[in-house]
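Produce the complete structure using the sequences and hints provided.
Listed below are the residues making up each chain.
Protein chains: 4
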Amino acid sequence: MSDLRDLTDQMRAFSEERDWVQFHDPKSLLLALVGEVGELSELMQWLPAGEIVGRAAEEPLASRLGEELADVQLYLVRLADVLGVDLAEAARLKLSTGRRRFPTETVRGEAPLKS
Amino acid sequence: MSDLRDLTDQMRAFSEERDWVQFHDPKSLLLALVGEVGELSELMQWLPAGEIVGRAAEEPLASRLGEELADVQLYLVRLADVLGVDLAEAARLKLSTGRRRFPTETVRGEAPLKS
Amino acid sequence: MSDLRDLTDQMRAFSEERDWVQFHDPKSLLLALVGEVGELSELMQWLPAGEIVGRAAEEPLASRLGEELADVQLYLVRLADVLGVDLAEAARLKLSTGRRRFPTETVRGEAPLKS
Amino acid sequence: MSDLRDLTDQMRAFSEERDWVQFHDPKSLLLALVGEVGELSELMQWLPAGEIVGRAAEEPLASRLGEELADVQLYLVRLADVLGVDLAEAARLKLSTGRRRFPTETVRGEAPLKS
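Those sequence lines, one after another, are chains D, X, W and S. For what it's worth, the numbering used here labels the leading residue of the first sequence as 66, then goes sequentially. For what it's worth, the numbering used here labels the leading residue of the second sequence as 66, then goes sequentially. For what it's worth, the numbering used here labels the leading residue of the third sequence as 66, then goes sequentially. For what it's worth, the numbering used here labels the leading residue of the fourth sequence as 66, then goes sequentially.
Just so you know, these hints were derived from the structure itself, not from any lab. Here the structure is a predicted model, which is why all the values come from computation and not from measurement. There may be inaccurate statements among the hints.
All copies of an identical chain are treated as equivalent in the list; a pair is satisfied when it fits inside any one copy or across any two copies.
Unchecked claim - Only pairs whose alpha carbons sit at most 20 Å apart, straight line, appear in this in silico SDA-like list of lysine to any residue:
id	residue 1	residue 2
1	159	127
2	179	86
3	159	129
4	159	70
5	159	104
6	159	77
7	159	81
Here you go:
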């Protein structure tokens, strides 16, 4: 069972039942996703980088991170659905592209910096 | 088979094979996700809101949107993995919370505005 | 009087007085900026695109937008300061580049789409 | 002379001369700002946190950071202008609020964590 398909179907039903499809144009959904990415940032921004993984294993941070990661995921499947993109297929395709673009022998230990 | 679990495992292997795990602390991964959300924004920002869904069905935009949505998804599963969050479970839990928090009879057609 | 210089100096003093400079590494400040961009998004995401400017002229939205735009501005001057960038000079330089890159006669009425 | 006012006036003229005002509704401008925040993230994401300030003092990173910080600043003044917000005034007001909300004696050395 594809859980991305399942989440997509559930978010579509959730939106239809509340008559919220009218608000779900792509730009608005993307801003909603940005809002959730912002909430995720606020949970981590002032924590020392080296302590986040440890604190993320304990409450209350564990639950809060789960909620915000979930919100990003839910708006992402909803946005992909509205745009007609099969997110699971797109992700698998991008992974294949990434494997070819960054051969293990040439990039090992080197961060692919943008400039 | 859970495709979020599958993508998570593949991204972990992808990172390990390239010795990139050293770069994947939560803040850096979140910034990488922000970078991909930014690329997604750049694809849509100047398109008329009412034309995006139509154009998203045609090339080259269809493939470009798929790639950027995929990049957001891949960094999201990677970030959740590093933080120890079961993303599929968290998303299902958040959907349940959303259904209780926004009963269909009381919120129908009303956008849940923040203030 | 440069108000960007003034805001930069005030944010530096604000941070030093609270012993918060220790938290202000570039990645953390950028995540804080992302958090504020997210809050700005949440104010606008479900409003009809054509109504935002009108509503922005009235309370309570006018004040809320001012607060979130201000937060983005304050973290932006702080981040530039920590990175050693003269923000006013950089903005003027970028405007000059933009004028040369997009000559009025060739781009008039055409959005510069990314692909 | 207020440089935020000056940048605002120049961005308005820049937009009018190119007949781009038609594209500058608030949601689209905010997505453009998100795009630039994303480019800024991509410059820093894989750099070790402790090395960014040092590298930011040298080329090519110094110029690249200046450009992306400038882009964020330019879209920020443009968005504030379209929304009718006096950005310099809003930032000064927010700083005053911050000083009252976080008295130096009570918050010294403590990051204001969100939960």
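Structure-based check of each hint:
In this homomeric assembly, residue 159 and residue 127 come within 20 Å of each other (Cα to Cα) only across copies, at 14 Å, whereas the closest approach inside a single copy is 29 Å. Proximity of residue 179 to residue 86 under the C-alpha cut-off of 20 Å is restricted to the inter-copy arrangement: shortest distance 18 Å between copies versus 37 Å within a copy. Taking CA atoms no more than 20 Å apart as the test, residue 159 paired with residue 129 passes between copies only; the shortest distance there is 11 Å, against 29 Å inside one copy. With identical chains, the CA atoms of residue 159 and residue 70 are at most 20 Å apart both within one copy (18 Å) and between copies (16 Å).
For the identical chains of this complex, residue 159 and residue 104 are inter-copy neighbours only, at 15 Å across copies versus 27 Å inside a copy, given an alpha-carbon limit of 20 Å. Within a single copy, residue 159 and residue 77 get their C-alpha atoms only as close as 25 Å, which misses the 20 Å cut-off; across copies the closest is 15 Å, which meets it. When the C-alpha separation of residue 159 and residue 81 is checked against a cutoff of 20 Å, the pair qualifies only between copies, where the shortest distance is 17 Å, while the shortest distance within a copy is 30 Å.
The structure is consistent with each of the numbered hints, conforming to all of them.
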